[in-house]
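First to last, the sequence lines map onto chains A, B and C. For the first sequence, the numbering used here begins at 1 and goes up steadily by one. For the second sequence, the numbering used here begins at 1001 and goes up steadily by one. For the third sequence, the numbering used here begins at 2001 and goes up steadily by one.
Among these hints, one or two may not hold up.
Stated by the list, open to error - Which bits of chain A does chain C cover? Going by a derived footprint, with three or more residues having C-beta under 8 Å, they are:
| # | region |
| --- | --- |
| 1 | 8-22 |
| 2 | 71-85 |
| 3 | 88-95 |
Said to hold, decoys possible - EDC-like cross-link-like pairs, simulated, lysine to aspartate or glutamate; straight-line CA separation at most 20 Å:
| # | chain 1 | residue 1 | chain 2 | residue 2 |
| --- | --- | --- | --- | --- |
| 4 | B | Lys1132 | C | Glu2156 |
| 5 | B | Lys1132 | B | Asp1066 |
| 6 | C | Lys2130 | C | Glu2042 |
| 7 | C | Lys2192 | A | Glu53 |
| 8 | B | Lys1132 | C | Glu2152 |
| 9 | A | Lys108 | C | Glu2232 |
| 10 | B | Lys1132 | C | Glu2153 |
| 11 | C | Lys2192 | A | Glu107 |
| 12 | A | Lys108 | C | Glu2195 |
| 13 | B | Lys1132 | C | Glu2144 |
| 14 | C | Lys2084 | C | Glu2042 |
| 15 | A | Lys108 | C | Glu2166 |
| 16 | C | Lys2099 | C | Glu2019 |
Since the hints were derived computationally from the structure, they do not count as laboratory data. By construction, the Cβ of each residue, glycine as well, lies at the ideal position given by its N, Cα and C atoms.
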Amino acid sequence: MERIPILQMGRFLLVTIQVDMHDRLAMALQDDLTNRINQVSARGVLIDISALEIVDSFIGRVLANIAKMAQVLDAETVVVGMQPAVAITLVELGLSLTGIRTALNIEKGMLLLQSALQDDLKADERSPVLPEEHAGVYGEM
Amino acid sequence: MGKCEIMSIQSSADVVLVRQAVRQIAIEVGFSLVDQTKIVTAASELARNTLDYGGGGTATLEALQDGNRRGVRLIFSDQGPGIPNIDLALKDGYTTGNGLGMGLSGTKRLVNEFEIVSQVGQGTTVTVTKWK
Amino acid sequence: MGSKIPAILDQYGSELLSEWLQEILATNNRRGLIKEAELREECREFIHLFREAVHQNSLSDIHSAPWNEVRGLLSNISRIRSQKGFTPSETASFVFSFKQPLFSRLRRELAQDGEALVEDVWTATTLLDKLGLFTTEVYQKTREEVILRQQEELLELSTPVVKLWEGVLALPIIGTLDSARTQVVMESLLQKIVETGSDIAIIDITGVPTVDTLTAQHLLKTITAARLMGAECIISGIRPQIAQTIVYLGVDLAGVTTKSSLADAFKLALQRTGMKIIRTQA
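Next comes chain A alone, as it looks inside the complex (with noise of 0.2 Å):
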């Protein structure tokens, strides 16, 4: 069976979904994904679907479940490339795709990944060490 290739560009990893994708290939996506980004500590995903002219609700599900799971190993989901057809009918359908961060290209998705990362490194910077100059309520240190 055919699996669908990931690539690795730096901290993120990137997939490019073509073909119309059965429930087996989904699963062996999540799969190989959730290894992948344990594997080389990836930080950020995208998964590009520009050369998808359909997305329904089983598509929207495999894709909120692998932000989820990237989530879960601390690794930040974009998907990029929807295309103007889809978009309009996933909003009628009432799939709104809630949770899952969207980019117009690779190239936009690389830079939200990107500051994602910033504002998650500024985060990790205020973490709960109290600075010296905070002395406690009677003084102490």
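Since chain A is already given, all that's left is putting chains B and C on it; use the hints.
Just chains B and C now, kept in the frame of chain A:
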């Protein structure tokens, strides 16, 4: 009535074939790209339902000509367990299994006419029509 | 005895043509719009095809195969006249005016046989009536096609999407936002987002008279669609009354920033895309 095509839905590969066939008919009838996408997506949803909930069934595709109007009619039929509460199933956001549910309410918005007939223990038939 | 009509058409083709032409020109007020040579050709062709059809023994059903070419010719004639501004009656009278020359021939040929004359006149009149009505139907259809096309053009023209700056689009909506319009708006907006690679779309609703729940739903659909393409929206042109309506209706604008003026929205858009406007020294 235009030409009629009957397809069997027994596997996910069949769902893909149904999508391709509906796309073909939609192009022939002259739908815009957005409308093609809508009807093919609706077909995908319904075909999957037939497979996942109905235990397999058939899809009937028909190109329509009513005076000046042209359109497509799709009938998805199975002899599965049937739907006990159709009104509930048609409510937005309704879910039985994990995830986004049967997508019936959303699918309804993609087409012009939507009809569902279901009998518990006998099966379900969904008929959708989209006009150009 | 069969109808005399086929025989008359065979024998008196050219006489019928000139008499018919005279008839039309006598009553025709729109002489200027169709040149006489063109008219003559139309009449000649009609008689020719009419003759072929009646010879195939079908004198009543104008939708049967023998009449295909006649209908084709009449469709053409009707369409041209509709486009040139003829009225439906003027268009139909092209066919009806053929009655006079045909009847006078029938009278001459069947002078001795009253019964046969009445029969044939009846056949001829019902036949020509059907053909005349057919031209009216085609005329109607042509008109409807024009109206439909104009409606579509109007829909497209009334929702322009403009590029305000690198990465910033503006979408001024004038008039009510119904579901048909929303489809057009979404398509134009998404198409422009792809073309320009924009990250922000400012939807200006100054020109939208009222915002009810349905309008809000349509706006939300548009915003969601733009988001799926990776573009954020800002709504501008919120009048005080609209702000009140939105609160009363409990509309949830899904975290979209709203500004009262397009200028403010533009400033915000520039900020978000990392731009700054600096006044140069005078």
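Results of checking the hints against the structure:
Note: the region 8-22 of chain A has 0 residues with beta-carbon separation from chain C under 8 Å; the three-residue rule is not met and the coverage is violated. Here the region 71-85 of chain A counts 3 residues with a CB under 8 Å from a CB of chain C, which clears the bar of 3, and the coverage holds. Note: the region 88-95 of chain A has 4 residues with beta-carbon separation from chain C under 8 Å; the three-residue rule is met and the coverage holds. For the hint linking B/Lys1132 to C/Glu2156, the alpha-carbon distance of about 18 Å falls within 20 Å, and the restraint holds.
Restraint check for B/Lys1132 and B/Asp1066: the C-alpha separation of about 11 Å stays at or below 20 Å, so the hint holds. Distance restraint check for C/Lys2130 and C/Glu2042: the Cα-Cα separation of roughly 18 Å lies within the 20 Å cut-off, and the hinted pair is therefore satisfied. Of the pairs offered as hints, the one joining C/Lys2192 and A/Glu53 holds, with about 19 Å between alpha carbons and a cut-off of 20 Å not exceeded. For the hint linking B/Lys1132 to C/Glu2152, the alpha-carbon distance of about 14 Å falls within 20 Å, and the restraint holds.
Among the hinted pairs, A/Lys108 with C/Glu2232 is consistent with the structure: their alpha-carbon atoms are about 13 Å apart, no more than 20 Å. Taking the CA atoms of B/Lys1132 and C/Glu2153, the gap is near 17 Å; set against the 20 Å cutoff, the hint holds. Pair hint C/Lys2192 plus A/Glu107 holds up; C-alpha atoms about 18 Å apart against a cutoff of 20 Å. With a C-alpha separation of about 14 Å, the suggested pair A/Lys108 and C/Glu2195 falls inside the 20 Å cut-off, and the hint holds.
For the hint linking B/Lys1132 to C/Glu2144, the alpha-carbon distance of about 16 Å falls within 20 Å, and the restraint holds. Distance check on the hinted pair: C/Lys2084 and C/Glu2042 sit about 16 Å apart at the alpha-carbon level, within 20 Å; holds. Restraint check for A/Lys108 and C/Glu2166: satisfied, since their Cα atoms lie roughly 14 Å apart, inside the 20 Å limit. Between C/Lys2099 and C/Glu2019 the CA atoms are separated by roughly 11 Å; this keeps the pair inside 20 Å, and the hint holds.
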